[in-house]
Each structure stands twice: as C-alpha cells, then as structure tokens.
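Engineer: Listed below are the residues making up each chain.
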Amino acid sequence: MARSRIRWADTLDEEEGEFSLPPTSVRGPDSHGVKTTTEFYRNERGDAFKKVTKTKVVHVEKKVYKVTEERRNWPRFGMAATETREDSVTVQQKEEIPFERVRQLKATQQEKKFTDMQAAMQSADKSAIVGSLKDMLYKRRMERELLRAKGLLADAEKPPDEDGGRASGLPAAPKPGSYVPPSVRNRGAGGGNEGESMQQRRRDENSLRVTNLSEDVSEADLQELFRPFGPISRVFLAVDRTTGENRGFAFVNYVYREDADRAIRNLNGYGYDNLILRVEYAAPRAER
Amino acid sequence: MAATMEPVDPLAVAAQLFRDQPPGFPFEGYDLEELILPDGDDMGIRSDEGGSEEEEVEAVSGFGSVIVVDNLPKVPDEKHDKLLSVLKKIYGQIGNIRDGGVVMPKDAAGVTQGYAFIEFSHPMEAQAARAQTNGYQLDKAHRFVVTLFDDFERYGRVPDEYAPPEAKSVVQQENLHSWLTDKLGRDQFVVRFGDDAVVCWNDGRRGRADEVYKRTFWTESFVQWSPLGNMLATMHRQGIAVWGGTPGGEFVRLNRFQHGGAQLIDFSPGERYVMSYSSVEPTNPRESMGIVLNVFDTRSGKLLRRFEGPMEEYAVGSAAGPQGSLRWPFFKWAGGLDDQYFARLGRGKLCVHQSSDMYMIGKKSIELVGIQDFEWSPAEPLLAVYTAESGQTPARVTLMKLPEKAELRQKNMYSVSDVKIYWHPQGDYLAVKVDRFTKTKKSTTTGFELFSIRERDIPMEVLELPSKIERTLAFAWEPKGHRFAVVHGDTSRPNVSFYSMKDAKGKLGVHLVGTLTNKSVNGLHWSPAGRNIVLSGLKALNGQLEFFNVDEFETMATAEHFMATDVEWDPTGRYVATSVNATHQMENGFNIWTFNGRLLYHTPRDRFYQFCWRPRMPSLLPADKEAEIQKNLKSYSKRYDEEDEALLMQADADVLQERARMAEEWRAWSEARAAYVEAQAAFRREVFGAAAEEPEFTVKTVSVEQVLDVREEPYSGN
Amino acid sequence: MRPYLLKGHERPLTQVKYNREGDLLISCAKNLYPCLWLAEDGRRLGTYEGHNGAVWTCEISLDSQRLITASADQTVRIWELPTGKELHQIKMNEPCRASALSVGEKLLAFTTDSFMGVPPQIHIVDVDLQAAPGSGPIAGDKPRLTFDAPKGRITRVGWIEQNRVLITSHDGGFVRRWDAETGEMLQEAQVHEDAIQDMQFSADGSYVVTASLDKAAKLVDVTTLEVLKTYKTGRFVQSAAVSPILDHILLGGGQDASQVTTTSAKAGGFEARFFHKIYTEEFGNVRGHFGPINSVAFSPDGRSFVTGGEDGYVRVHHFDNDFFSTKWL
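Chains as they are written, first to last, in full-length UniProt numbering: chain A, 1 to 288; chain B, 1 to 718; chain C, 1 to 329.
Just so you know, these hints were derived from the structure itself, not from any lab. Note that this is a predicted model, so its numbers are computed, not measured. Any given hint could be a false lead.
Listed next, the in silico DMTMM-like pairs over lysine to aspartate or glutamate satisfying Cα-Cα at most 20 angstroms (straight line) [as the list claims (entries may be wrong)]: (1) B/Lys-88 to B/Asp-70; (2) B/Lys-700 to A/Glu-61; (3) B/Lys-700 to C/Asp-194.
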C-alpha cells in the first residue's frame with residue numbers, strides 16, 4: 001500500500017494542535033462472514049487517513065501429504081538443534097508485502113506514441129500518428145507559451161494549425177478587464193508581500209511546493225516545466241517507495257527568489273496533464 | 001384523418017398487398033421507409049405491437065366506441081322510453097352518446113330483449129363506460145354486464161373446443177443496458193450528418209470516437225434520445241420509431257408509434273410515455289390550424305389518449321410562439337421519474353392530467369386567472385406558476401404541490417413586465433426573474449426572487465443586480481450545487497456574475513461569489529456535476545469558449561471553436577462537445593474537449609445537423625455519497641485505478657489480437673511436444689515404479705483470511 | 001502476503017530448492033552450511049555441516065531422504081537429508097558447480113569449473129541412494145564418464161530424453177545437448193549474449209527457462225534448443241522459474257541501472273518479477289530483498305514461491321487467495 005501503515009506508536013508522536021485519531025475498530029464477521037477493520041493513521045505530512053479493510057474468512061482446501069506430518073517431527077540437527085525462538089532465524093514479516101501490479105500500459109503507450117515522427121508517419125495506425133502529433137505539438141506549444149509568458153519570445157508565435165482554429169491551453173496573461181486572481185493583483189515591488197524574508201536568497205526560502213501532480217509526472221518533466229523561469233537548485237519529487245510512482249507533490253528550489261515568484265504566478269493554476277497545478281511557497285519544514 | 005367506412009380485415013389486405021409473401025403482415029425486417037402509404041391513410045392496418053386488447057385507433061368509425069349492456073330488464077313497448085332515458089342518463093354522463101346511439105333490440109312482440117348497444121363518440125368513452133358500469137346494480141334483479149362490442153365479437157369467436165395455447169418460444173430479450181457497463185466507462189453520443197446517423201463511443205482516454213452503429217436514412221428528420229438514455233427515437237412519415245442498443249452494438253427497433261406526419265416528440269422523464277405531435281393544416285380557410293397530440297405507452301405502443309383541436313386553444317401564455325404558433329413541448333411532465341402528471345396551459349386555467357387514466361385530476365382543470373407560464377420542478381410534482389395581473393389581483397408566482405393542489409408559497413409582484421421561471425436541476429431552488437417597469441414605465445429593472453425549496457417554509461430572498469437597468473442575457477443554476485451564474489449587461493461584452501445560495505458554512509443567504517467583467521459571452525453551460533462551467537460566445541461571437549472552475553474561481557482554459565453553434569456537456573461532466581451545424585456552410589463538425597478545456601479530438605463532418613450525448617440514468621447513490629466520492633476521488637480505492645489501466649490494455653483490439661495469436665502459437669507448440677512429454681512421464685513411472693506415484697495425502701480445509709477490499713480516505717476528525 | 005524471512009546464512013544465497021512434496025526447502029549459500037527449512041512457516045530444521053567452501057547447488061532425492069550438494073571446495077557430498085549426516089564425498093580436483101540426478105536416481109551428473117588448466121567438465125557417476133548408510137557404497141568413487149566442455153563455466157545440468165541426453169547451460173550464453181552415454185556434444189545454441197546463471201525445467205520437462213546476465217530470460221525447447229519466448233528486463237537476471245500451475249514466469253536478479261541512485265537497497269526494493277509466460281509481459285512484482293535476488297523457485301503446487309538474495313535472506317511467500325482469481329493480463 002502506498003501510505004504508511006498505522007503503527008500505534010505514531011499516535012503518540014502527534015504534533016500539537018492535531019486532533020487525536022480514534023483507535024482501530026473491528027466489526028463483524030457479519031452474516032456473510034465479512035470482517036471490517038477500521039484503522040486511523042497519519043502520513044508523514046501529518047495528514048490523517050482512515051483505512052477500512054474488509055476481509056473474509058475463506059476456506060481453502062489444501063493437500064496435506066502424510067509424509068509432511070512425519071517430517072515436521074524430525075529432530076532438529078546441526079545449528080537448528082540449539083536454536084531458540086529468541087535467535088529469530090525465522091521471522092514473519094509484519095508488514096503486508098503486496099503483489100504489485102505492473103503497469104505495462106505505459107510502455108505500450110510509449111511505444112505507440114512514437115517519439116520519432118518518422119516512425120509515426122510510417123505506422124499504419126492513424127490514431128497513433130494523430131495522437132503522437134498532437135502530443136508533440138501540444139508539448140511544443142506549451143513550451144512556447146511558457147517562453148512567451150516569460151518574455152523570451154519576441155513575437156507571439158502562432159501555434160501550428162492542428163484543429164482549424166486557435167486553441168490555447170494556457171491561461172493567458174490577464175487582459176484588461178478580465179478576472180485577475182488576488183495573487184497577481186498587487187504587482188508591487190518585489191512581488192508583493194509574500195513572506196517576511198523575501199530579501200533573503202537562502203535556498204529554503206525559495207522552496208516551492210507543487211501539488212496536484214498526476215502520477216505520470218517525472219522529475220524530468222518538472223525540470224522542463226520550471227526551468228524556464230530561472231536556475232533551479234533542486235527538484236525533489238516525492239516518490240512512493242513501494243510503487244515507484246510519485247505521490248502527487250514535489251518541491252522545487254529556485255536559486256533566485258524572483259524566479260520563484262514568477263514561477264508561482266505563471267504555473268499556479270496551470271492545467272498540466274488534466275490536473276490543475278498548485279504552486280506555492282513551501283511552509284518551513286518540520287525537523288526530520 | 002380519412003375514414004374508411006367499414007372495418008377491414010387486415011389479413012385480407014395484407015394478402016393482396018403481399019401476394020408472394022407468407023401470410024401475416026411482415027412487420028419484421030422491412031424498412032418503414034419502403035412502405036409508402038398515402039398521408040393519413042393507414043389502410044385499416046392495425047398496429048402489430050400492443051397488448052391482447054385490440055384498440056381501434058380510428059375514433060369515428062368501427063365498433064370501438066360501442067358497448068353492449070346486457071342483463072337489462074325486458075320491458076314492453078310502454079316502458080321503452082323510460083328505459084331508454086335511464087340508459088341515456090347513466091351513459092350520457094360518462095361520454096357523448098352519438099345521435100341514435102342507443103339501440104335496444106326488441107322481439108316480435110315489442111319486448112326488449114334485455115340488452116342494448118350504446119355508441120359513444122370515442123372508444124375511450126366506451127371503455128370508461130364499461131369500466132364504470134359493468135356490474136352496476138340497476139335494481140334487485142338486474143345487474144349490468146357491460147362489454148365492448150369488439151370484445152363481444154371476439155369472445156364469440158372463441159372455439160367451443162378447448163385447444164391448449166401453443167407455447168410461445170421464449171424470445172431472448174437483448175440486454176439494452178449493456179452500454180452502461182462499458183468497462184472503459186465511456187459515454188455514447190449520436191451525430192447526424194448528411195444522410196447518416198451514427199452512434200459512437202467517446203473514448204476520452206485515447207482521444208477518439210469509436211463507432212457503435214451507423215445507419216443511412218435512419219430518420220427522416222431528427223433523432224432524439226429518451227431522457228434516461230435507453231432509447232433513440234427516429235422520425236418517419238408514418239410516425240415514430242424507438243430503438244435500443246444491443247451488446248453487440250447494433251440498434252434494434254423496439255417499437256413504433258403510429259402518427260402520420262408526426263413532427264415533434266417528447267418522452268416522459270421516466271420514459272413510460274411518449275408524446276407525438278403534429279400540426280394539422282386547416283381544410284378550409286375559415287378554420288384555424290389544428291393540432292394532434294398522441295400519448296402512447298412506450299412499452300406496448302398502445303395509444304392511450306389523443307388531444308385534438310385548434311391550435312389557439314393550446315397556444316396560451318408562454319406556450320404561444322410568434323404569430324400564434326405553438327411552443328414545444330406545451331404538455332410538460334412533472335419532475336421525478338414517476339411520470340404521474342403532465343400539464344398544459346389553457347386560457348385562465350391549468351389542465352393537469354394524471355397519466356393513470358389520462359384524465360385531468362378530479363376531471364377538471366385548475367382555475368388560474370391570468371396564467372401565463374408554469375414550470376414543474378425537475379424533481380417532484382411541484383409547480384411554479386406565474387399569473388399576470390388581472391383586475392384587482394396582482395401578478396403573482398405561486399408554488400403549488402400536486403395532486404393536492406396545495407399552494408405552498410405565494411409572492412405578489414407589482415409593475416411586472418415579464419417573468420421567467422428557472423428551476424434548479426435537482427429542484428432545490430427556484431429562481432424567478434422579474435422585469436419590473438420603472439416609475440416612468442419607459443424601461444425595466446430586473447430582480448430575482450429566489451426560493452429555497454428544501455428549507456422549511458421555503459424561504460425567499462430577493463436579489464437585485466448591482467446595476468438594475470442591466471439586461472439579463474442568461475441565467476443558469478449549478479447542477480448538484482448551490483450556485484447560479486448570470487450573464488448581464490451590455491450585449492456585446494456583458495459581465496458574468498456567480499452567486500451562491502449558501503455561504504461557506506452552509507448558512508442560507510444569497511451572496512455574490514465573483515464577477516467576470518467584459519466577457520464576450522452569451523451562453524452558460526454548467527457541467528452536470530457542477531463546479532465547472534463553460535462560458536460560450538456563440539453565434540455572433542464566433543465560438544469563444546472559456547472553461548471556468550467556479551470553486552477556485554479561475555479560468556482553466558480559453559479556447560475557440562470557430563463558428564460553434566452548440567455546446568454540450570457529456571452526462572458525467574468529464575467532456576464537452578462543441579459543434580458547428582449546417583446553419584453554417586463551412587466548418588461543419590464537432591470537437592470533444594476535456595472538462596478543463598483541452599481539445600481531445602476534432603471531427604469534421606459536412607452537412608452536420610445534430611450532436612446529442614446519450615443521457616445516463618441517474619446514479620443509484622444518494623447525493624451525499626456522491627459528493628463524498630467526488631471529494632475524495634483520488635484517494636478512493638486505489639485498486640480500481642490499477643484495474644482500470646489493466647482493462648484499458650485488455651480492451652485494446654490490437655493487443656488482444658496479438659495475444660490470441662501468441663496463445664495459439666503456444667498451444668500448437670505444446671501439442672507438438674505432447675508426445676515427448678508423455679514419453680518422459682511414462683519413462684519416469686517405469687523407472688521409479690511405485691515411488692513415482694503421488695504420495696498419500698489428505699485434503700485439509702484451511703481457514704484463510706482473505707482481503708476483499710481496502711479503502712483509504714482522508715480523515716478530518718468526524 | 002506476509003512472507004517469512006529466513007536468516008540462516010550470513011552470506012549471499014546461491015540456490016533455493018523445494019522437495020517433491022513442497023513441504024521442505026533447502027537453501028545453499030556462499031557460507032558453508034546448507035540449511036533445511038519447513039516451507040510452510042520457515043522453521044529451520046537443520047544445517048548440513050561439512051563443506052569447506054561456498055555451496056553452489058543442491059539436488060534433493062525424490063523421497064526427500066538424500067541431499068546432494070556441489071561446492072567450491074571441490075567435493076560433491078551426499079547427505080542423509082533428515083539428519084544432516086554426511087554419507088559420502090566425491091572428491092574432485094576442481095570446484096564443483098552443478099549437479100542433477102537422472103530419472104530413477106541411478107546416476108548423478110555434475111559439473112566442475114575449469115581449474116589449473118583443466119577445462120570445464122561434465123561427470124556422470126553411479127549412485128545407489130537407497131543403500132543404507134554403512135552397508136555399501138552410495139556412489140562410485142570415480143565418475144564412470146567424464147567429458148570436456150568448451151571454455152566457459154558450466155552453470156547448470158539436467159537429464160532429458162529418458163536419460164539419454166544431458167542439457168547444460170554455460171557462461172557465454174550457450175545451451176548444449178550431450179549424449180549421456182558417449183559424452184558427444186549433440187547440439188549447441190547461443191541462446192544468450194552473456195552468461196546463463198540459472199536454468200530450470202518446466203513441470204512437464206519439455207522446455208527450460210534460462211536466466212542470463214544479458215538482462216533477459218528465455219524459454220528454450222529442450223529437444224531442439226529453439227528459443228520459444230524471451231522476457232526482457234533492464235537488469236541482470238540471476239534466476240528464473242516456471243509456475244507449475246499458471247502461465248507465469250518468475251525472475252530474480254539485479255536492479256535497474258536508472259534506479260541505482262535511489263534508496264531502494266535500504267528500503268528492500270529489489271523485486272521478484274512476474275511475467276506472463278505466453279504474452280511475455282511483466283505484470284507484477286514483489287519487493288523485499290535488500291540486494292539482488294540470486295535464486296527463485298516455485299513450490300510444486302504453485303501456491304508459494306521462495307527467493308534467495310545477495311543480502312543473505314531467504315524469503316518464503318505464500319500467494320494470497322485473490323492472486324489466483326485476479327485477471328492479471
């Protein structure tokens with residue numbers, strides 16, 4: 001499972017101000033033999049989670065060989081003869097080790113996407129061509145939009161005509177009269193009052209927390225997305241150790257504060273891979 | 001309709017028409033379109049669908065309007081007239097007896113034979129008469145036995161010898177709901193272009209449409225889905241046909257509803273009934289346009305009621321279109337899925353019918369002087385009625401509960417110039433837009449009366465737009481939510497304001513959430529799931545689209561579908577379809593977007609006429625559970641995500657084909673090696689002897705705790 | 001699953017094997033003592049003390065009464081399995097690597113590594129496993145047949161075609177067939193581009209799965225040496241097994257180069273990987289080892305599997321019931 005299991009010891013380490021979690025409760029088995037276990041725990045960030053597990057006692061028929069019974073009673077020999085429980089030569093893993101499904105899908109779709117346009121053209125699969133074309137053009141267009149937003153492009157380029165009409169996926173710079181989010185409104189000196197230590201350039205202070213990432217996003221994607229705003233000192237993508245997927249959030253540290261400001265302005269609320277990114281200054285980290 | 005003078009034996013007609021074909025009207029497998037009947041003439045051919053009771057569709061001729069009243073007293077000549085008048089009195093109350101419509105046969109001596117024929121003007125009346133008077137105790141000795149003449153005749157045809165009925169072979173019903181269990185969770189839509197109508201899957205994940213069923217000349221004009229998505233209706237000269245989708249993808253015809261020249265169709269919300277409408281040209285210049293509206297039972301195809309008459313009787317108040325025409329639908333069904341009531345405007349009255357017998361509730365209309373408009377709540381039989389000022393009575397909006405006809409709420413209004421009623425899609429709120437004359441009567445101001453239906457005593461609030469003299473161009477409630485959007489101001493660059501009926505803590509009280517100024521917007525399209533909205537600038541504004549998230553109050557994307565004429569969300573709120581129809585010469589076709597404005601695919605189609613998403617039946621989950629799932633979508637049962645991915649893979653046709661090939665290849669190889677395998681096994685047995693046998697074992701039943709389901713969700717302490 | 005962790009060896013595991021009934025497990029490692037375990041709950045029953053070098057492979061007799069081990073200490077030893085008593089030693093002059101009992105268990109084939117100018121060799125020796133200890137020779141002192149193999153360590157050996165043919169796997173990626181009577185090489189095929197580390201039979205004996213350092217595993221027809229299937233991974237494959245009941249292949253090996261920088265090692269991130277035998281797609285994996293997996297095996301009933309790792313641990317896994325009802329691919 002992705003989230004860490006509840007260890008009852010965790011509840012003793014609660015931070016002040018957080019509410020205490022109810023104890024684990026077990027219901028059943030009911031008329032269908034289903035037992036329901038409800039557990040509460042906190043993850044590393046301190047977020048509380050509730051986990052409800054339904055189990056059922058199932059009767060499985062197993063072949064038991066007569067000889068097995070005999071062998072179980074063989075006297076111990078060698079080093080086993082003097083072993084006791086405390087030697088813990090044999091230990092059953094406390095944690096549940098799941099059989100992780102592997103998403104072969106990504107590989108297949110990757111293949112289908114044809115990073116090489118030539119291969120795509122030669123493929124008889126029209127949807128692959130269109131799909132890969134679209135992806136590539138979309139990506140390029142996003143890049144251009146970003147660069148334009150950053151002011152690096154002299155003219156506003158026209159994106160390639162893929163659907164017979166102009167279609168921009170990026171929220172445009174605020175036009176006169178259109179809705180202006182509060183964070184952008186007061187573009188005073190230094191990007192507004194966004195924290196006391198804005199003059200400092202220490203790395204931690206320029207740390208942005210990016211949330212609501214889709215599972216497919218990699219560190220490389222984040223680099224690509226954030227780099228246009230300025231040099232980055234560090235990108236950290238939270239990865240779930242057991243599945244290898246990202247956990248939906250990341251930290252990006254800019255060298256320069258102003259770049260971080262600009263990244264927030266342009267990317268907060270940015271539609272990325274069907275989700276809306278949240279980009280904001282990270283709260284001061286708790287001691288690890 | 002033209003009338004044939006005597007009942008026609010349909011089989012004889014069929015035999016003539018289809019000389020070379022096996023007897024029995026070939027209803028199966030023929031194309032409606034191929035059978036060309038003169039307008040209005042059905043050649044006496046009865047509808048094949050329907051229950052065991054044959055129902056004459058023709059009102060004027062045939063014996064469908066005749067009943068036989070048996071067990072009458074046998075009276076001599078002198079008592080004749082008395083008996084006659086008794087019968088006329090009894091039956092005259094039930095329906096209109098035709099002139100000379102009571103016939104009591106007498107014997108040679110002039111004594112009545114004990115039964116009478118009574119002919120009404122309409123078969124419905126005959127049926128009602130039978131229902132109401134069968135068993136009527138006239139006096140101690142005489143209890144009426146009333147039968148329909150047609151039944152009589154039919155009973156007479158029953159053979160004396162009992163022949164056991166042939167066992168009908170079970171006709172396997174296709175699973176017409178198979179589309180709802182699509183493993184990939186796709187939605188369907190129908191498009192009409194050129195001569196074709198095509199039903200497709202929208203595959204959002206792969207960014208393409210997959211054709212389900214295509215048919216050329218499927219309809220003669222338009223197609224329409226039933227409200228729950230179970231059927232697709234097509235229009236034909238002879239009437240309407242409804243089709244259902246089979247698991248294999250084909251659409252099969254489920255039923256036909258006869259209505260020559262049918263122009264429009266309306267389903268009841270629960271799909272139990274179908275209404276077909278046609279306008280009838282007057283036969284002479286002094287007569288006005290007439291209408292014919294048939295109400296059918298959807299399942300059986302049986303005609304339940306017909307409304308006929310001059311159009312002006314129906315074109316009242318808001319149902320009246322320009323130049324005396326009629327707006328459709330003018331019969332409106334009550335909300336909810338029970339299909340119990342439908343109503344229409346009349347002059348100074350509201351006619352509310354109950355579908356159980358098709359008559360008005362209590363057999364009379366509801367007097368409402370000055371009634372101009374009414375709308376049912378989409379969720380229940382609750383009416384919002386607007387009556388204009390008349391005499392001393394001010395204009396008012398009334399909330400009326402049916403069938404009790406109880407007035408729950410009333411609001412008087414003064415100096416009213418116009419009123420429009422907007423119900424919240426789940427019936428939680430009602431907004432009444434009131435345009436009032438200013439003191440000078442030279443202009444109007446606009447305000448909204450907002451009713452909170454779910455609260456006790458239905459509290460009402462008045463909202464006035466900040467600039468009262470602004471015109472309201474559009475108004476829309478948020479489905480499954482508490483907000484509404486208003487487009488107001490200058491026609492070319494109006495403002496869009498969002499209001500909420502409840503504040504963040506859930507306390508009732510309308511307040512402004514935010515305003516977007518100076519937008520080139522003239523249309524509001526909320527997602528059916530709420531939260532997101534597409535602001536469109538169609539027609540003159542050339543297809544501007546803004547995908548806006550109201551929760552975060554920010555634009556997710558702006559886009560353009562040049563010359564788009566329509567915007568439609570899919571039933572789940574995941575995708576938006578925009579289309580350009582044939583009112584434009586060029587650029588016909590449709591686009592599919594994600595809910596946040598990313599273009600998935602674009603399909604150009606010349607002579608494009610319609611794009612309709614297939615509706616879905618409402619979710620079986622209660623509203624609060626749905627809201628919970630929405631909120632915690634990501635953290636919900638992670639397992640399903642993975643299974644979805646696997647399913648997606650499985651469904652990929654190319655992959656499946658390759659796998660089948662590999663499996664077959666392996667099987668063939670295995671078979672080729674079978675001899676070798678057997679040789680080794682035999683050798684082993686031979687060499688090891690008894691030791692090769694499986695050792696002795698017992699079967700033990702072990703109890704194992706198996707994990708069925710694991711759900712994780714964020715916990716907030718409650 | 002809640003696997004059993006068996007910490008019987010402080011050094012990397014070399015092979016893990018089930019007996020015929022699947023209730024016993026033998027593990028061999030680079031430390032000197034093979035271990036006997038109960039497969040059900042991982043309880044250690046005993047250790048076999050005697051070898052002076054790493055034990056590379058083992059072979060269990062059909063009746064689970066005899067254990068045969070081949071070691072880098074240049075001996076092949078036969079043990080009384082239930083008691084740990086050493087019954088016989090076949091002394092060679094080269095490190096011994098792989099061994100296999102013929103059908104009927106009258107012959108033992110074993111391989112030696114090249115050493116001091118002697119090439120890699122395959123030996124066949126008579127054995128009489130039923131002989132009661134002390135009553136007669138359990139095995140001949142000298143092999144009845146020895147023949148040379150081409151350069152390259154012989155990593156595995158097996159009896160096929162009714163004991164008429166031997167099949168071997170080699171460094172360099174070769175698989176070879178030999179006449180068991182004459183020692184003549186019948187056929188060879190370079191199945192892999194790099195060393196084959198393990199070769200295990202299918203339940204019906206018609207094909208083997210080979211695990212190679214060329215980052216792939218393959219299915220090979222034993223009678224023709226034709227490659228039937230290929231399972232590609234991004235990492236060294238040290239061992240592979242065929243499920244006796246499902247169309248699954250289990251692979252164990254190293255770690256993907258790209259993941260080397262993460263802390264997988266500490267977190268027990270080395271995976272046993274499951275592939276669909278026919279569609280050759282990876283559909284799942286199980287983590288837990290702190291180092292590469294050197295040996296994998298399915299239990300004879302296919303309901304469990306065991307892995308032995310570089311980290312010195314043996315992990316016994318019993319599949320959850322829903323594993324068998326899930327549609328993986």
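Engineer: Each hint should be assessed against the structure and marked as holding or not.
Structural biologist: Hints, verified against the model:
| no. | hint | result |
| --- | --- | --- |
| 1 | B/Lys-88 to B/Asp-70 | 15 angstroms, holds |
| 2 | B/Lys-700 to A/Glu-61 | 6 angstroms, holds |
| 3 | B/Lys-700 to C/Asp-194 | 46 angstroms, violated |
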